[in-house]
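Residue numbers (numbering that gives the first Met the number 0), protein chains in the order written: chain Z, 0 to 227; chain A, 0 to 594; chain W, 0 to 464.
Honestly, the hints are just simulated from the structure, not real lab data. Check the hints yourself; a few may be wrong.
As the list claims (entries may be wrong) - Negatives, chain Z to chain A, calculated, CB over 12 Å:
#1 3
#2 21
#3 63
#4 66
#5 128
#6 135
Stated by the list, open to error - Here chain A is said to cover these stretches of chain Z; the calculated rule only asks that three of the stretch's residues, wherever they fall, bring their Cβ under 8 Å from a Cβ of chain A:
#7 5-14
#8 148-162
Model, not experiment: these values are computed from the prediction. The beta-carbon is built from N, C-alpha and C at its ideal position, and this holds for glycine as well.
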Amino acid sequence: MSYVLIFLALLMAGLVWWLIKQTINLQPWTASANTEAVRSDGIRSVTRNVPLPRTKVALGVFLAVVTSLFALFVSAYAIRMEYGDWRPMPEPTLLWVNTGILILSSVFLQMAWNAAKAGNLKTVRFGIAGGGALAVGFIIGQVLAWFQLTATGYSISANPANAFFYMITAVHALHMAGGLIALGRTVKRVYGAEEAIPKIQLGVELCAVYWHYLLAIWVILFGFMLNT
Amino acid sequence: MSDVTHDALDYVPPLEVEEEELYHAKTWLGKYVFCQDAKVIAIQYSLTAIGIGVVALVLSLLMRLQLGFPHEFSIIDPSNYLQFVTMHGMIMVIYLLTALFLGGFGNYLIPLMVGARDMVFPYVNMISYWVYLVAVLVLVASFFVPGGATGAGWTLYPPQAISPGTPGIDGGIILMLVSLALFIIGFTMGGLNYVVTVLQARTRGMSLMRMPLTIWGIFMATVLALLAFPALFVSAIMMLLDKLIGTSFFMPAMISLGEQTSFDGGSPILFQHLFWFFGHPEVYIVALPAFGIVSDVLSVHARKAIFGYRMMVWAIVAIGALSFIVWAHHMYVSGMNPYFGFFFATTTLIIAVPTAIKVYNWVLTLWRGNIKLTVPMIFAIGFIFTFINGGITGLFLGNVTIDLPLSDTYFVIAHFHMVMAVSPVLVVFAAIYHWYPKITGKFMDDTLGQWHFWLTFLGSYAIYLPMHYLGFEGIPRRYFAYGETDFMSASAADLNAAITIAAFVVAFGQLFFFWNLFISYFRGKEAGGNPWEATTLEWQTPHTPPRHGNFDDLPLVYRWAYDYSVPGVEQDYVPQNVSPAEAENLGKGGGEQPT
Amino acid sequence: MVLVVVVVLLIIGTVLFHFLSPWYLTPLASNWDTIDLTIDVTFWVTGLVFIVVNSFMAWAIYKYRYDKNRRAEYEPENKKLEWILTGFTAVGVAAMLAPGLFVWAEFVTVPEDAHEVEVVGQQWHWSFRYPGKDGKFGAVESRYVSEDNPFGMEKDDPNGQDDVLIFSPTLHVPINKPLKMNLRSKDVLHNVAVAQFRVKMDMVPGLVSYLWFEPIKLGEYEILCEELCGIGHHTMRGMVVVDEQEDFDAWLDSQPTYAEILGTPKGDPQIGQAQYAACAACHGFQGEGNPLMNAPKIAGQEGWYIRRQIEYFKTGVRGAHPSDEFGAQMAPMAMTLIDDAAVNNVIAYIDTLPQVDSPQTVEGDVERGKDIYTTCGHCHGYEGEGVFAVNAPHLAMDDWYLVRQLKNFRDGVRGAHRDDKYGMQMAMMAAILQDDQRINDVVAYINTLPGPQGDMGAASVASRE
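Isolated chain Z, as found in the complex (with noise of 0.2 Å):
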């Protein structure tokens, strides 16, 4: 479970050191903290900058959820290796393929983003839309590379690495499916909507934030299956 509480421990002491900046030598009572800015009229209140957009709160929270998901998976994985009965089974050469077109998608992702900020709707369109095709190609490979495996003997029930390599490459594709259809959404948007590049920045940012935490995601498990 060791990988599992690492990513906790992080994030806990990330939401402790939050909470200690938000409430040290702070008297809720009497209000008079430092960080309050007090008006003639007695209203005070914490001075900060414009909040992040809620939708990309959201998708920090999602994203923490989903990090705890794999956590556990490579932590279920690490712990069942031990195993006698456990036989590593080798990688195709089709996942390395897999892999350069993940990040090919991300690239793109990130181009849009980058053209979202400089308002290039062109650019934005082209991105958006090669990222979201790169991206069904990576999930028609995986899906390739079950059928090789499974044609090569490598079954499912075979062998415990085999089914965690099944199951988790499925989780994961599902997981970039489902951002397909957020991807969609957007892609919908940026084509419908000639003059508004404020309004679809937002969207294309966090395509693009999740796009690359699939992809960060998919580099720690490859290389984690990898290596053992």
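Fit chains A and W to the given chain Z structure using the hints.
Structure of chains A and W alone, referenced to chain Z:
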């Protein structure tokens, strides 16, 4: 609502809340069924949870009949018994308490108490409820599939959960796992809402440390749930694969009723680690909202600020964080490496410290208060009593050595029912009596409430206090019948019968509650907007029950949630949205509250 | 003020209940008095907290009851008080934790001189294995387990040849010697627990867990399974007998080793035929049974089941109950089979008799019987074919005999003897047949089952509804 404007203030307000277009129902269906208003979703969650909870209550009564009077009734057989044990536990812990505290109270109270118009993602919030409802229906369906519901115990330990010799190893367990997965997906949708609403939708002036403890409790519980439920999700998926495809995640090489199986090398202990990695935080997912709510109820009815607010907040956070590193105290005798026992016993007993602090602070809130013994208040006080008892017995079980004789006995049953069933349920009742006037505009009947309290409180104490001692005697849990054993005293059977009678008394007591809930809606005394004279924002709404959108103008918060009996102010409470200038006049005739 | 009075009464009542309750830890029979001591320490610390905090609360509720002319004090926090309380709590927690960890350290370290026994759990049965003279256990493997090799012994392992295998659920141990139990499960999770010894531990398929204790009192102690293991969980019982060293040694010597079990000759039906003559008088020459003599059909019955029943009749485990008049007739007859060889021979002969269907004499509601049979099927098989692994015979017996035996089980006429470990299981299950009509119903349903001739084993388990 587009006419809502803020005062023109010349400073950057905290968490500037933009007005967003509210969801407006266009049809009857959209207003009452597929509704996106958090308050309606809250009611839907609550009624569904209570409905399925009643089913679980009936199951427990049937089990008690068997245990108390094994020879008088043949209503259930051993299969039914195990199925009822399983379903009772699972329903009560997840489908009732988790759903009610977070989906029910969370939805109703978060937007109102932080001064928001609604949850931040109302549509996702609505979907959350419907997914939950489907999860409940799938769970109920498992009773009716061939083989019946699963009888693996609520912990669903493999291998027996999917091996012959246990009821419901086909449809039953599959539907159970699917239902759990659905619940988790639904909950995650709701949970994102609760967390982001607390973080981003607080009204101006509502800094974190001005939030009522109810919100703190629900917030932290939601964070725990979001991070812990994936563990259950992972174990559910892996067990489904073991069952359906024949993988060996959890299934070792084993014989099953004399037949060789095709499983090889899996680890049942791995499942237990995953399960309790979720299962222990789950205890606090139920307890933390209860802690928060009871703090507010005590404070309001004692007319006194909650004692040690900051300590209370930190205790909630500390308990939440620590709850992730105590899970294996459920597994001291599971056959895992026994050296883990040292670590987990230590962390488990450490978590007792912040918990004890919370108890002291509740009691110290009463101290030098001006205590009104209203119905919600007596429920809250009843909670303190049962929680002390249940917390103390936790120190027995958490201490690894004492767990040796006591684990898997009635002591465990008594402990977790006292701490996780009786205590939170008393808080649920306190909360319902407390907020019913806001939800409906009517008081609940006082006499019926008193009857309900005494039958529930004394009845459940009569059930669970003696049960600990059956556990000391060594009487194991999950036994359909005891038969003849030397070490079991003959009188233990009489005690078991007495416990069953007490259980029926408690169940009878709930009739007062349901009748009260129903009749008060029609005949209850009019309550007005702020009947308990409380400070928090939900009591300051312009309409009672609050309308869609909750407030006309979003309130401005000037103070924390516990300004009761403030020196220098005549009125013994100052609502959060009263400015210091206005506060001086409160209670002096002209100083009516601004709403 | 009722609340105050009640809270005070509850405090007093709880304390009184604690001291007066007749239900408490069973008298200790092992070295683990330190566990009891840890419990005592915890009781003192927590009891004090319980009394003080609740009393304070009751006092506060009384003293600060509502008075509209008084105001609550405004005191948001009191740092000093909170830190003092935290400090006291930390000290109390440490006082409870320290002995706990100390005793646990003792529990996880098995003494060097401990002798060992292996406890094997399987669905609803205990068996035991001693390492024999060489002090080493032979290797075992799950995949070797079969009807002939219930322990899954590896045939050729030299360490295993002198292992003493005890299939019946009674374990003998010598007094005043530390004993390490190696725990193993063949199927699902189990947990070996003896209340008087205080310790318990789960048995997990795929690994060997352990516990240790030193018995300090002679006597018989029940073993209970305390980890849910399926429908028969509550019937999974065994017995530990604590003997003086010499009694233990004598007992152990009388038990067969693995090599001896392998070498036991098979029964000879030729010799058995002659001995069967005595049986035939009642049970019929073809073993077809005779209701007039109250003798059930025995043809087709499993050998292991007949052997066990003959053993029971011979030792007074069965047929000795005053209400079991027909069993009482069988008991002296069983004595005519003087030794194991004779028993084996007769069984070998019975095995050659043709299995015939018995006439149906019991009427009942088959549909209702089917519902009831859900419970029975877990052990006896959903075709009534019997499952050796759970010691459950097939049910193609005379229906009148089934009815009589079910009543006997239910009414404590059969299965109530201390040594009838398997009858006890059936008796506990028969408790669900409180009225006679249910017995007729379930037997009527059993009459419709194919029995052992039907599709056997796993297939029938899978086909159940």
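Going through the hints against the structure:
With a closest Cβ-Cβ approach of about 7 Å to chain A, residue 3(Z) is found to fall inside the 12 Å limit, against its non-interface label. For residue 21(Z), the non-interface assignment is contradicted: its Cβ lies about 5 Å from the closest Cβ of chain A, within the 12 Å cut-off. Once the 12 Å rule is applied to beta carbons, residue 63(Z) is inconsistent with being away from chain A; the minimum gap is 7 Å. With a cut of 12 Å on Cβ distances, residue 66(Z) falls inside the contact zone with chain A, its closest approach being about 9 Å.
Distance to chain A confirms residue 128(Z) as a non-interface residue, since its nearest Cβ pair spans about 26 Å, more than 12 Å. Every CB of chain A lies more than 12 Å from the CB of residue 135(Z), the least distance being 23 Å, so the non-interface label holds. For a cut-off of 8 Å, the count of residues in the stretch 5-14 of chain Z with a CB near a CB of chain A stands at 4, and the three-residue condition holds. With 4 residues bearing a CB less than 8 Å from a CB of chain A, the stretch 148-162 of chain Z meets the requirement of three and the coverage assertion stands.
Hint check: violations occur at hints 1, 2, 3, 4; the rest are consistent with the structure.
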